[in-house]
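Next come the chains, spelled out residue by residue.
There are 2 protein chains.
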Amino acid sequence: MAGSPDSEHAAFLSALRALLPDDGLLTQSEDLHPYECDGLSVLRELPLAVVLPRHRAEVQAVLKICQQYGVAVVPRGAGTGLSGGARPSAGAIVLSLARLKQIRALDTSNRTARVQPGVRNLAISEAARPMGLYYAPDPSSQIACTIGGNVAENSGGVHCLKYGLTVHNVLALEVLDVSGERLEIGSQAPDSPGYDLLALMMGSEGLLGIVTECTLRLLPVPENTLVLLAAFASVVAAADAVSAIIAAGIIPAGLEMMDQLAIEAAEDFVHAGYPRDAAAILLCELDGTEAELQERLRAVEKLLQRQGATSIRIAADAETRLLLWKGRKAAFPAVGRLAPDYYCMDGTIPRRRLAEVLEQIAIWSAEYGLRVANVFHAGDGNLHPLILYDANVEEQLYAAEALGQRILELCVAVGGSITGEHGVGVEKLDSMCAQFTPTELAQLHRIKAAFDPEGRLNPGKAVPSLHRCAELGAMHVHHGQLPFPELERF
Amino acid sequence: MAGSPDSEHAAFLSALRALLPDDGLLTQSEDLHPYECDGLSVLRELPLAVVLPRHRAEVQAVLKICQQYGVAVVPRGAGTGLSGGARPSAGAIVLSLARLKQIRALDTSNRTARVQPGVRNLAISEAARPMGLYYAPDPSSQIACTIGGNVAENSGGVHCLKYGLTVHNVLALEVLDVSGERLEIGSQAPDSPGYDLLALMMGSEGLLGIVTECTLRLLPVPENTLVLLAAFASVVAAADAVSAIIAAGIIPAGLEMMDQLAIEAAEDFVHAGYPRDAAAILLCELDGTEAELQERLRAVEKLLQRQGATSIRIAADAETRLLLWKGRKAAFPAVGRLAPDYYCMDGTIPRRRLAEVLEQIAIWSAEYGLRVANVFHAGDGNLHPLILYDANVEEQLYAAEALGQRILELCVAVGGSITGEHGVGVEKLDSMCAQFTPTELAQLHRIKAAFDPEGRLNPGKAVPSLHRCAELGAMHVHHGQLPFPELERF
Chain A
1 MAGSPDSEHA AFLSALRALL PDDGLLTQSE DLHPYECDGL SVLRELPLAV
51 VLPRHRAEVQ AVLKICQQYG VAVVPRGAGT GLSGGARPSA GAIVLSLARL
101 KQIRALDTSN RTARVQPGVR NLAISEAARP MGLYYAPDPS SQIACTIGGN
151 VAENSGGVHC LKYGLTVHNV LALEVLDVSG ERLEIGSQAP DSPGYDLLAL
201 MMGSEGLLGI VTECTLRLLP VPENTLVLLA AFASVVAAAD AVSAIIAAGI
251 IPAGLEMMDQ LAIEAAEDFV HAGYPRDAAA ILLCELDGTE AELQERLRAV
301 EKLLQRQGAT SIRIAADAET RLLLWKGRKA AFPAVGRLAP DYYCMDGTIP
351 RRRLAEVLEQ IAIWSAEYGL RVANVFHAGD GNLHPLILYD ANVEEQLYAA
401 EALGQRILEL CVAVGGSITG EHGVGVEKLD SMCAQFTPTE LAQLHRIKAA
451 FDPEGRLNPG KAVPSLHRCA ELGAMHVHHG QLPFPELERF
Chain B
1 MAGSPDSEHA AFLSALRALL PDDGLLTQSE DLHPYECDGL SVLRELPLAV
51 VLPRHRAEVQ AVLKICQQYG VAVVPRGAGT GLSGGARPSA GAIVLSLARL
101 KQIRALDTSN RTARVQPGVR NLAISEAARP MGLYYAPDPS SQIACTIGGN
151 VAENSGGVHC LKYGLTVHNV LALEVLDVSG ERLEIGSQAP DSPGYDLLAL
201 MMGSEGLLGI VTECTLRLLP VPENTLVLLA AFASVVAAAD AVSAIIAAGI
251 IPAGLEMMDQ LAIEAAEDFV HAGYPRDAAA ILLCELDGTE AELQERLRAV
301 EKLLQRQGAT SIRIAADAET RLLLWKGRKA AFPAVGRLAP DYYCMDGTIP
351 RRRLAEVLEQ IAIWSAEYGL RVANVFHAGD GNLHPLILYD ANVEEQLYAA
401 EALGQRILEL CVAVGGSITG EHGVGVEKLD SMCAQFTPTE LAQLHRIKAA
451 FDPEGRLNPG KAVPSLHRCA ELGAMHVHHG QLPFPELERF
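Protein chains in written order, with our numbering: chain A, 1 to 490; chain B, 1 to 490.
I should point out that these hints are in silico values taken from the structure, not numbers from a laboratory.
Please note that the accuracy of each hint is not assured.
Examples of chain A residues toward chain B, derived with CB under 7 Å [said to hold, decoys possible]:
no. : residue
1   : 179
2   : 180
3   : 181
4   : 199
5   : 204
6   : 249
By construction, the Cβ of each residue, glycine as well, lies at the ideal position given by its N, Cα and C atoms.
The shape of chain A in the complex, shown without the other chains (with noise of 0.2 Å):
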């Protein structure tokens, strides 16, 4: 803020407070305490304020009071997310879009949803069921975390291989840019003339614009779903299963593996009966109609055979089913009780490298002396090492912190990414200048300036500076200078 500090602040203030109703304004100090952080709990910092608009207009009012005082904004949704995209930045609000919470519409004949960004993801699905509708991602914080913050993250789940990941789902949005204008982003059309700005914020972070309402294509409920639990001898093994089903043509609704350290954690957890011997085991969910089923059902089995599974389960009934899953979705819950701490990683590779990725993390599990859990989405080739430390051991602490690093280099030097669903946020913004060239780098600061010339939305989160990848000396620096000096400011 320009001119004396302490009037500036005071008079950002009361344009909120004259705006905004009492409960809609928090700045004391305790009721900021619970805005300090994200799922990523260990970076924490108290906001200048915390608002909580109810309704577009008074967003839009709020933008435009945050534009008149140069100050920052960083929107929330649940508080979710796990890369410290919502942890608040110094001299920066917190945006809460919580209490846009309506589901405006409800188009059957269309199968689309429209609703405000602080719906529950669930409370999307558990509205459409009665029309024999559903909203096809499902991250595994789906009771909790709001579709707002799905569009922010790209957010997948269990299902994403089949079904897509958030941006397969949404066909148009309202946004507001940071002044407060309102754009209308996609249609109901297949296809939509002009950049496809749709895409362009998914997965953005909360850094090009503030959502205001979506609209969710909604899919037909599975007439008939089955789970196959698979178990195999070597990770190996299972691993080239994953690659057998999905080079024979089949895309299972969902394809888990979850390795031996998982399993007895699970199992002790939840009961879940899966078998403590297995040095791997498969989650495989077939849906469709009565026909299909039996068919990919035989397919599927024949290929797990095959491919050398020493067990096979079949659940058919839904009790089985869900307690099949209930064991995967407490797997990082359950793995937490084996160490004081854990980190959670989230890289990406081509499913053709799973098995080798998977030997190299045994070998520097072994190294680093740090037992890691293997929980994760196979058929997309999306990784979760659970990395088990225990943080009041500095060593373990460092180590874990290496060798997450390590891993996520291993992702990209394969052809994949730092991150699958849970975003860069604060976390992640090192491996960032791994994955990327100054060039490209350079490209998405450019995109963001195109949106925010002033930097004020979400700062410092999802694309690093190019300073800071100078710093980790990712970036060679010319007499001081970066390649290019107008981005200076990002």
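Following the hints, complete the assembly by docking chain B onto the known chain A.
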């Protein structure tokens, strides 16, 4: 170009001449004529020169020379585009990518193809067929059109209902920016960190960068395929049948509609065995394993009967199937024989609005005294009304343009868009003023500026200048000032 125009011009051409082999630089008027337009042949302009580089390094060098001399660049694939996207601009060079036509790799385990932009669409599927794979998007021009052009237009085709547009089938791109710097965009992983530049490049009509390599997703050739031909006594009944099929959760591989005028024209031309007395026909392709196919066939047959189909034919053998598709694929030239000229429209609408939009087109057809044939991707809501007229009768020419504009405005009004797959190019610049608000257009221009600040890549295409829209009366111009003065140059 700055400096003495003649000497700058000569210096520019001799820089290109030093770089390229003799047949890689065309400057003589007779050599330039084949490049004066693309598939939109009514708009012609001779370029300054045509360059035909052979590999990425030559493309880079051409771009650097153009940057040095401030010359604009019009990229060109096979020149089959229908909206004038590859039409030369005065003083610009045409950068033909026709000689970058190598298939660099076919990876069966990962099911991907790595190809240069000048590879023909159909050539990819031909090369992949021995491995049981193919590339899904199949625009009607697939014998001739190249993958670089498909990326530029985000091309679809008969099968994009089930298998998606180009954007859904491209995994990664190598792109040169306007200064020749290389960007690697996308990966083989399902999601990438950073903003989604991959989707942004799709359909960007050569305004953001030059594609020098594409990594494509290949699909397994379906085990079985069959085509249903259903006849209806009214266009509305056929449109309702389309909605009923999709509402039942069935996604056919293709779902096309033809009205009576199109049926008769196609029948006279290729004798596909279409029912001449039908008001409309649907062609519905189903694919999958034998069990899936039989199950879906029964479901679709039942739905078609319930929706009042007057006859249903099933083509299971390849010969009949191809004959039925031949009529559809030849429909444009067949309709072309009915009148001296035809104007091929390309708009999209939400599927459930099909019946009412077709009815309105019929009313306007009578009102304007111009016959309109409809042949289109019904499942996608992608209309292709063909307006028949005689360009030698001036009133007919104007009437055809006016009718076309009204149809596009109707598409926008019902929630659709002014182009499905043919792009904006130069043809639809004015319609873009109806599709987007000034705020939205300004955002598109800022995206352009983030890639090409001087506006030298394919200038004057795809996104109209704000001045142009203002002159059309779509925008308020305050005291002669546009609302976004920093975007004056676009």
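Results of checking the hints against the structure:
no.	hint	verdict
1	179	violated, 9 Å
2	180	violated, 11 Å
3	181	holds, 5 Å
4	199	holds, 3 Å
5	204	holds, 6 Å
6	249	holds, 4 Å
Violation of the numbered hints given earlier is confined to hints 1, 2; the remaining hints are satisfied by the structure.
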